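Participant: Here is how the chains run, residue by residue.
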Amino acid sequence: MGLLARLAPHLPYVRRYARALTGDQVTGDGYVRVALEALAAGEAVLPPAMTPRVALYHVFQLIWRSTGAQLEPRPLAAVGDDAASRLMRIAPPSRQAFLLTALEGFTPSETAQILGVDFEEVERLIAQAQTEIDAELATGVLIIEDEPVIAADIEALVCELGHEVLDIAATRSEAVAAIASARPGLVLADIQLADGSSGIDAVRDILSEIDVPVIFITAFPERLLTGERPEPTFLITKPFQPETVKAAIGQALFFHPARERADA
Amino acid sequence: MERRDAKGMIEQRPVDPPNRTTPPALDEARLRQQAIGQKLRQMFDEVVNEPVPRDFLEILRRADEGADKVPEGE
Chain L
1 MGLLARLAPH LPYVRRYARA LTGDQVTGDG YVRVALEALA AGEAVLPPAM
51 TPRVALYHVF QLIWRSTGAQ LEPRPLAAVG DDAASRLMRI APPSRQAFLL
101 TALEGFTPSE TAQILGVDFE EVERLIAQAQ TEIDAELATG VLIIEDEPVI
151 AADIEALVCE LGHEVLDIAA TRSEAVAAIA SARPGLVLAD IQLADGSSGI
201 DAVRDILSEI DVPVIFITAF PERLLTGERP EPTFLITKPF QPETVKAAIG
251 QALFFHPARE RADA
Chain E
265 MERRDAKGMI EQRPVDPPNR TTPPALDEAR LRQQAIGQKL RQMFDEVVNE
315 PVPRDFLEIL RRADEGADKV PEGE
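Chains as they are written, first to last, in this note's numbering: chain L, 1 to 264; chain E, 265 to 338.
Quick caveat, the hints were computed from the structure, so don't treat them as lab data. Accuracy of the hints is not assured; some may be wrong.
Claimed, not checked - Interface residues of chain L toward chain E, partial, derived using beta-carbon atoms under 7 Å: (1) R19; (2) V34; (3) A38; (4) V165; (5) I168; (6) T171.
Said to hold, decoys possible - Covered stretches of chain L (chain E as the covering partner; in silico rule of three or more C-beta atoms under 8 Å from a C-beta of chain E): (7) 190–204; (8) 240–250.
As the structure is a prediction and not an experimental result, all values here were calculated from the model. Backbone N, C-alpha and C fix where the C-beta goes; we use that ideal spot for every residue, glycine too.
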């Protein structure tokens, strides 16, 4: 089977990876083109032990690592607060491991083949990527929750992620007062509050003042499905799995465009 | 936003290796990274769905034709 038949189905995905990795489609396509030309000229070969898709990414990575990764003007490469800029602030080796597994869906073993490293190194790079992402996303958090035990659980979880809890508000008026004293980069909100006030109203008040990602954590998700749900919001149902909340926090912060930094 | 990749079947789920236990912290890191990866896939959906640059296919086609001619001493 020829190169075209083997590789054509995988080109859209290697272009996606190249775009995410380099931060730019034209740049990314440039490296893909060089990789394909190297294959065509016989200067690079698809390792027969690898599947065509893994082999294509492997050749791409050899080209990019020998040129692109070296040329990257870090840490000035990206100053924006959008997701693409955040990606560029992850160091190249851990960015590769992160994107190959989380974006491209490769297993750690396949990722090891692509990067030409062993399995343990891939695990180390994934852990390193998480450390970098956590540091990138660290911010101040406002918790709106009237049950002290649950508030303490959420606080512990938030602190584990490296965030700072600015305040815990038990009512709508406390929540509004809290953002006046310290501006959060993330709000975690219950819906039914102590004095009968509504977390939805509290969040609406907050969003009229500041642009902040909000995650609702509630035993009454149906109250958010009535069409009066303020945007942008995420929804987690109680009782919650800590990992689910952590994953939602990371997602909300990574993709929020104008987030306040903890050190701002 | 819920659109899937046109060639979604090529997407893979990480499942290996079966005979190995990963540390819990690493499992959690991967779970959190999957959550970001899922949104990244939505973000880059259009890249996957747009046509591949024509010259990419040309490079491979020429290479295949050249390989066919090699035995004839081209």
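Participant: Hints the structure violates: just list their numbers, smallest first.
Facilitator: Numbers 2, 3, 4, 5, 6, 7, in rising order.
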